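Q: Residue-level listing of the chains:
Protein chains: 2
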Amino acid sequence: MAEKYVYCFGDGQADGTVDQKNLLGGKGANLAEMSRLGIPVPPGFTITTDVCTYYYDHNEEYPKSLAQEIDVALNKMESSMGAEFGSTSNPLLVSVRSGARVSMPGMMDTVLNLGLNDETVLGLAERSQDARFAFDSYRRFIQMYGNVVMGMDGENFEHILERAKQRRGITLDTELTVDDLQGMVKSYKEVIAEKTGKTFPQDPKEQLWGAITAVFGSWNNKRAIDYRRINNIPGLWGTAVNVQAMVFGNMGQDCGTGVAFTRDPSTGEKVFFGEYLVNAQGEDVVAGIRTPQPICRKPEMPKHVQTMEDVFPKAYKTLVDIYQKLEAHYRDMQDIEFTIQQGKVWMLQTRNGKRTAQAAVKLAVDMVAEKLITEKESISRVSPEQLDQLLHPRLDKNVEGDVLTKGLPASPGAAVGAVVFNSDEAEQRAAQGDSVILVRLETSPEDIHGMHAAAGVLTARGGMTSHAAVVARGMGKCCVTGASEVQIDYENNRFFVGNTVIHANDVITLDGSSGEVFKGPIPTIQPELSGDFGIFMDWCDKYRTLKIRTNADTPEDCLTARNFGAEGIGLCRTEHMFFEPDRIEAVRRMIVAENPAAREKALAELLPFQKSDFKEILRTMDGFPVNIRLLDPPLHEFLPHGKKEIAELANSLSIPLERLNATLENLHEANPMLGHRGCRLAITYPEIYKMQARAIMEAACELVKDESINVIPEIMIPLVGIDKELEQIRGEVNGICQEVVKAMGVKVEYHIGTMIELPRAALTADTIAQHADFFSFGTNDLTQMTFGVSRDDANKFLPYYVDTEILPRDPFSVLDQAGVGQLIKIGLEKGLSTNPQLKVGVCGEHGGEPSSIAFFHHLGLNYVSCSPYRVPAARLAAAQVNLQS
Amino acid sequence: MAEKYVYCFGDGQADGTVDQKNLLGGKGANLAEMSRLGIPVPPGFTITTDVCTYYYDHNEEYPKSLAQEIDVALNKMESSMGAEFGSTSNPLLVSVRSGARVSMPGMMDTVLNLGLNDETVLGLAERSQDARFAFDSYRRFIQMYGNVVMGMDGENFEHILERAKQRRGITLDTELTVDDLQGMVKSYKEVIAEKTGKTFPQDPKEQLWGAITAVFGSWNNKRAIDYRRINNIPGLWGTAVNVQAMVFGNMGQDCGTGVAFTRDPSTGEKVFFGEYLVNAQGEDVVAGIRTPQPICRKPEMPKHVQTMEDVFPKAYKTLVDIYQKLEAHYRDMQDIEFTIQQGKVWMLQTRNGKRTAQAAVKLAVDMVAEKLITEKESISRVSPEQLDQLLHPRLDKNVEGDVLTKGLPASPGAAVGAVVFNSDEAEQRAAQGDSVILVRLETSPEDIHGMHAAAGVLTARGGMTSHAAVVARGMGKCCVTGASEVQIDYENNRFFVGNTVIHANDVITLDGSSGEVFKGPIPTIQPELSGDFGIFMDWCDKYRTLKIRTNADTPEDCLTARNFGAEGIGLCRTEHMFFEPDRIEAVRRMIVAENPAAREKALAELLPFQKSDFKEILRTMDGFPVNIRLLDPPLHEFLPHGKKEIAELANSLSIPLERLNATLENLHEANPMLGHRGCRLAITYPEIYKMQARAIMEAACELVKDESINVIPEIMIPLVGIDKELEQIRGEVNGICQEVVKAMGVKVEYHIGTMIELPRAALTADTIAQHADFFSFGTNDLTQMTFGVSRDDANKFLPYYVDTEILPRDPFSVLDQAGVGQLIKIGLEKGLSTNPQLKVGVCGEHGGEPSSIAFFHHLGLNYVSCSPYRVPAARLAAAQVNLQS
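For the record, the sequence lines run as chains P and S.
So for the first sequence, the working numbering puts the first residue at 1; every next one is plus one.
So for the second sequence, the working numbering puts the first residue at 886; every next one is plus one.
This is chain P alone, in the form it adopts within the complex (with noise of 0.2 Å):
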C-alpha cells in the first residue's frame, strides 16, 4: 500500500485524530479531531510532516503520489464548500499554514486568500456582493503570496499603498475605493514582475503549489531554526502543511475573528478569555496592529467597552458551548481561534494554551479537584522550567516607584534593567552580563533572540495575545504590552512617554503583574507562593524517589531553600565567608605566612568567624545534611591585583612591598583552574583544613550540646584526583574531629567525603571510595575538565558551538549525557562497587535542570543539589522523572 500524505478534515469526519501530532502537526490534528467532535471547522486537508522529511531528503522534491492525493483532497472541499477552485463565478478560496509537532507561533509562513486572480475576484465580487472587499481580499493575498513565496520586500508594497492613499489625501486603508484598489493590484502585479522577472501566477493550482512549497521551505528560515534551538525543538521533526476553505471575518460588520483561551492563562482561574476584533482577518489579532476587544464583561469594564456578548450575543453562546466541550474532551485549557462569518462562527484552531507559571499550578490543582485530571497527571501539567518563574522575585509594592506609564500585564513577574531598542543590542549586552529591557513599538518573530536574552520586554503596541505577549509568556519573561503612551524615536534611541525622555541605557523598571513602568530601578521581594503551590509542591514530594538539597552558603539562602523543601545542603561553599571584610585581612596574613607557625596563628583567627558560619548554618538545617566543602580557589584570589591595592594590603599587613609582590609572583597560575587549588592546597599547608574541620565540629558539638539541634555535618574535599590524597586529609581532617568530639565529650553524626570533579577521581573512583563517605558529582569542574572547556573563556566558541548544532545544548546549563554523564556512571560503579554504603549527589548547576535530573534519577543517584529557587524546580522534575519511568 501506497504510503497516504494528505489528510482530510470537515463536515464532522476526519482521517486523522488528536493522537496523530507527530504526522499531522498539532494544528491538523487537532482540527482532524475539532471534526470528528462535530465542531464546525472548515473543511481542509493536511499535507503530513513526512512529506516535509521527504521534500528535505530528496532534494527539494515532493513524492510522486502527492499531486493526486491533493487534488482528490481538493475535490472532497469544492463539494463540501459548494464552490469550485479557480471557479470565476463561485470560487473556493483556501489558506496554507504550517502546522509543526508543537506550536512555534509565528515562526513559519501562512498564505490566506489563495485561489484569487483577476478572473475568480470577480466571482468573489459577485457573490458577496462586496467588490471592495473582494478586491482588498486579493490586494492583501498578492501581497502575502509575493511576499512569502515570491520572496519580495514588504516595502515594495506598502510603498504602493501609502503612495495610493497621499494621492487620494486619507489615511486609512478602508477608505481606498474599489477603483483604488484595482489600481493596487495591477501595481502590485508590476512591481513583482519588475523586481523578480516573474509574473504573478494566476492559476490557483500554481498558487497553491508555490504556497506549500514556500511553508515546507519555511521550516528551514532563520527565524525558525532559532526558535527550534531556544525551544530545544529537533530540526528533524519537519512540519506539516495544512489547506483550509478560507472563511472571512472581514467581509462587513456581521463578521469579526477573535482568539481566546478556556481559562485565564495568566492567572489560571477558571473564566473564558480572549479578545476579538470585528470586520478583521484572524492575523490582524495576533499581528497586534489593531487593539482588539475582549470577548466576555467583566465587572471592572467600562460601560463603553463593546465585548463579543454584547456584540455578537448568538456566536457568543455558540463559542462558549465550543470551548466547554473541548475543554472537557482534551481534558486541558484550550486556546482556540474563530472567525464569524457572516453571524456563523468557524473554529480555525484549537490547541493546548500556553500559560504562566501561576496559572499552571492553579490549573493542575483546580482541574484535580474537578476530577478532570488524576493526580499524576497533574505532575505532567507543569513544567519546571515555569516553576522557576514562580519564585523570581517581584516588585517590592511597599516601594513608592516613580510611575512612568502603564500598558497591559501580558506576562508576569519584574524585570529592572537599562533600555535597548533592537534585539542584537539585548543579545549583546546580556551576553556582557547586562540585564536589559527591550523596548519595541511591537515585536515580530525576528526578535526572538533579544526578547531571550532581555529580563523583561516593553511594546507600545498589541494586547494579551500579541506576539510579545504570548512568546514573553512561554518564556516566563516579565512583558508589557500595548503601553500606548510610549513613542519610540528609534533613530536617536529613545522613548518619550508625554514630555519625559528616556534615552537607551537608563534604567527602567516592569512590573509584568500590573501593567506598570518605572522610571529607574526598584527593589524586587520573593514571591508569596499559592496555596495550590504548595499543594502541588506536596504532590510532587509524593511522587518522586530523587532527593533534593540546594547550594547555599549564607543562613539566609539555607532558610529560603528550606521554605522551598530542600532536604538538606548539597554544597556550602567556604570561601565565601573569607571575603567578609572583618576576615579578609586574616586570610591575607594567612596566605604572606612564611612558616606554618605563622599561618596557623593567622588561621587561629579565622576559627571563631568560621564556626560562628557554621553554627548558624546547621542551627538553620536543623535535621538535615550539610555539605561543607573545604576552601577550594587559589590562593591568589583572595589577594588585590591593582597596583595601589597592593601597596595599601604591604602597608597593612606591615611588610615590605617587595615581598608581598614575590608572593604575588610566586602564586600566579597559567592556568588557575588546574593549578593549587582544592586538596592540594591542604596537601601543601595542611594547617588550613584543619582550622576548617575544628571550626564545623566545634560548632556541631556545641550545637548538640546547648541547644538539642540534631546536626549532620558532611565535610567534603575538594578537587580530588589521587585516592592518597583523599586518604592523607581524611586521616588529619577525621583526627580533629574525633580530638574535638572527645574534648567536647557529646555524640555527633558527620560524615567525610569528596567531590568528584575530575576525570580522574572519576575514572578510579574504586579507590577513592575507599576513603569516602560520600560523593558528590561537581558537574560545573567535571564539564570544565571533560571538554578541556574554561567557563570563563568559552564565550568566544561556546555560543557559537551551540548556534551551529555542534553542541546541542550548552553543556554548563545541560549536563552532556554522553560524555560527563559517562565519566559519573564510571564514579558511580566502580565507588559503589567498593564501598556498597556510598551515598552519592550531584551539586553542580545541573543539579537543577529537569532534563539532567532525569539522567541522574535513572542512574540512582541519592540527590541532587541546585540553587534555593531551583529546589521546587527540581523537586517537580525529579516526580515527573519517577512517574515516566
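It is worth saying that the hints were derived from the structure and are not from the lab.
In this text the structure is predicted, and so the values were computed from the model without any measurement.
Beta carbons: idealized from backbone N, C-alpha and C, even for Gly.
Hints may be right or wrong, so weigh each one.
Residues on chain S that point at chain P, a partial pick, calculated with CB under 10 Å [stated by the list, open to error]: (1) 1154; (2) 1330; (3) 1556; (4) 1607; (5) 1673; (6) 1699; (7) 1739.
With a cut-off of at most 16 Å between alpha-carbon atoms, the simulated EDC-like pairs for lysine to aspartate or glutamate come out as follows [to be verified]: (8) 1681/S to 665/P; (9) 1681/S to 427/P; (10) 1609/S to 810/P; (11) 1632/S to 1592/S; (12) 189/P to 119/P; (13) 724/P to 1690/S; (14) 796/P to 427/P; (15) 205/P to 385/P; (16) 1090/S to 969/S; (17) 1590/S to 1690/S; (18) 1496/S to 1591/S; (19) 1183/S to 1194/S; (20) 1609/S to 805/P; (21) 796/P to 1554/S; (22) 354/P to 385/P; (23) 1074/S to 1038/S; (24) 724/P to 1688/S; (25) 1609/S to 669/P; (26) 1074/S to 1043/S; (27) 796/P to 1550/S; (28) 724/P to 1695/S; (29) 344/P to 321/P.
With beta-carbon atoms standing in for the labels, derived distance ranges [as the list claims (entries may be wrong)]: (30) 1680/S to 792/P: 16 to 26 Å; (31) 1538/S to 731/P: 38 to 48 Å; (32) 1627/S to 810/P: 32 to 42 Å; (33) 58/P to 1538/S: 44 to 54 Å; (34) 735/P to 1685/S: 16 to 26 Å; (35) 975/S to 735/P: 52 to 62 Å.
Please arrange chain S on chain P, whose structure you already have, making use of the hints.
A: Same frame as chain P, but now just chain S:
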C-alpha cells in the same frame, strides 16, 4: 616449621643461592653463590629482608627466633675461622653490612672490625703481632660505631685525630704511634659518653645487635629514601644484613684491598679492569680518599706505576682465575671487591657491574658473539635509559677548547654548565632550567640529588670507582673525577687551577670521555654510533612489534630521527613554523584581521612558507608517514606582551595602538589551556586550517609529481572533543585536499584524523572514530585534563606529591595507567568498535618512556612517537616488552 631468618655461607658451602636475591639481598645472595662455587669468601651469614619487613611492621622489634639463629650462625663462623667472638686471645671480628635486592652503593650503613673492645684489642695485637694495627682498627671501629650506631657527629672524632697529630707535629695518620692511638681510643670513648650519655659498649654481642639495628634503620634514612625515589625502588623491599668475618687489607705491606670489573665498564672492552690500594681497608678505595693504583698493567702506563700484577703476582693470578670463573658463571660482567690479607685473596663481593651505555651495548653484542648469551637475552642487557645516554651530544673535537685541567674520564659524555658548589643549589638551579656543573672535592651519598640535577660532575679527588664515578655512570651523567689540580674554596664559592680562578656561575665544559675540563662553553656534536649499536638496534627491531615514530618539526630533526630508526613522524607541530621571523608578521596580520577576507589575505602570504616547510619534511621522510598537526595554540601566543613590543607591532602593522590593545584584551584568557585553541580555532576561523591543508597537499602533490617521492601525509586535527567538530573540519579539509589533488592531477595517499587529548574525546571515541582515519593519543594534554593539573603550574605541588608518594611518579614523565591509561583503553576500544580500520598511536612525551611503552604495547597500539633522541631507547623498550610478554 618456623621461618628461617639467617642464612650461613663460607667454606665452599651456603644455605642460600643467587636466585634468592629478594630474600638475601644482592650481596648476600652473591656471597652464598660464590661460596658454593668454591671461591674463597670470609664466612658469615645473612639476616633476610623478611626480618627488615618484620622489624618495620612490628614497631621495630625482631622475630623471637632470630637471636638463637644468630648464635648458631656465629658459632659456625667461629669454628670456620678458628677464632672466637669476644675472645681475648684470638678474637673473631666481623663486618656488618646492608644488602638490598638491588645495589644502592653507599646509601646505607656499614660497621667494620666489630668485636673489638678494650680486651679483645690486646688479643688482636698479639695475634697479628702488630699493636699499631690493632689499636688503629679499634680506633676506626669506635669511630664508625659511634657514628653509625650511636649517632655521633663524625667531626667529634676528626677533631681528636687532628689534635693528636698537631700535638705530635705530624700530618699523616700512619705516623701515629701505638701510644697516640691508645690515647685516641680513650678520647673517643670519652667524647661518646659526653655527647650521648651512653658508654661505648664493650660486649661484642651488644655491639653486634646495635650494628644490625643500625643497618636495618638506615633503610629509611633520608639519602636511602632519595636514592630509592630516583631509582624507583619500592620502600617495601627492605634490606638484608650481612655479618661476615673480617679480613684485613690493612695488616701490613703484604695486605691490600681492591675493586675490579671483569671488563671495562666504560667502554665494554674485554679487559680486566680495576684499582687497588696496598695496606688499606676496602672502604678506602670506594670513598676516594686515597687515589688507588691500577690492577693490571697497560702499555701506556708510566713505568713507575705499581700495578697489583707487579706487587702481588701470586694473588693477582688467583684473582684472574676467580674473575673468569665468576663471569662464566654469571654470564655477565662482574663488579668484584676483594681483600688480600697476608698474601691470601678473599672475595668480599661480586655483582653484575654497572656500566655505561656504550659498554652495555658492547657487552651485549660481544657476549652473543662469545655464545655466552642469546640475542634475545642480549636485549635485556641494555636498559632503554642507558641507550638514551649513548645519543647525547659530545664535544666537537674540531673546536680548540681552553683546557683548564684534566681528571679521570669517570663517566662519558659532555656537559656544559654554570659552576655550582653544593647539591641543593644544583637542584634549585636545575629546577629553574639552568644547566649546571656540580664541583665538589669529593661527592658523598648526600649529594645524590645534586648529581641528579646537574648536567655534569667534577671532583678534585677520587678514582674511577669513587662514589662520584660509580653514581654518575649509573645515572648516565658526564663525570670527571680526581682532577687533583682543582683547589676548591667553598667559602668564597670559587676554585683555583694554578692561578686561574673559576667563580660560581662561570661556565665550564666537561669531557667525560677524556677527563678534560674546559673554561667556557664548547659546542657539542652528535655521537657517532658504533657498529655494535647498529647490530644491537637491528636485534631490537627483530624482536618488537610496536612501531616507533618521532616528534619532529624541522627537516634536521626528521633526519636525526630517521637515522635513529624512526619509522615516520608521529607529531609535526606546525605552530613553530609560524614563529620564524620572516613569517610572524603575516601571522600577526592574520590575527588582527577584522574579517575573513583580510584573514585570508594574510594566510595567503603564509602559504608558500608552510608549503616549503612541509615539502622539506615530506622529502626527508620519503616512504614514511608524516603526521602533521594543524595549528593548535591560542592566537594570543603569537602576539607580544611587553608594552614596547606592542607599540612597535601596532606601528609595523599600521593599525592604531588602541585597536591592537583591544585585540589583545579580547584574546586574553583566564585559562588558555582550556581556551580558544586547537580545532576550536578552525570552527570559528575555518580559513586557517584550509590554508594549512592546501600547503600540505600542494607540497605532497609536487613531490610526487616532480620528484617521485613517496609521501604519506597524515593531517591531524587537534583538541577534538565533539564528533561534529571533526566531522565539519574533516569535510572542509578534505574538500581542499580533493581540490588540490584534482588540480595537480596526481594520486596521493593521505589520511585525516585527530588527536585524542581530551577526556571527552576518549569517552566518545566511537562517534569521533567515524570521521577519523587515525587517532593519536596526545598524552600530555590528556594527562593535564584527566588530573585537572596544568603542567605550567604543577611545580608548586607535583614534586611534593612525588616526594611524599601521593603519586608514585610524575604523571607527565611516566604514564598514569590507572587514570589516563584507562581513558586510552576506553578510547581505543570505542574507536575500533565503530572503525576497525582505525590506526592508533601515541604522540605525547610518554611515547619515549619505557614503562609507558610497555603499557601501549600491551594495549595493542600501532605506534608510539617520541623525540628523535629517544627513538633508539623506544625501539629497545618495545623489543623488551615484546620479549617479556
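Q: Can you list which hints this structure breaks, lowest number first?
A: 1, 2, 6, 7, 9, 15, 17, 25, 31
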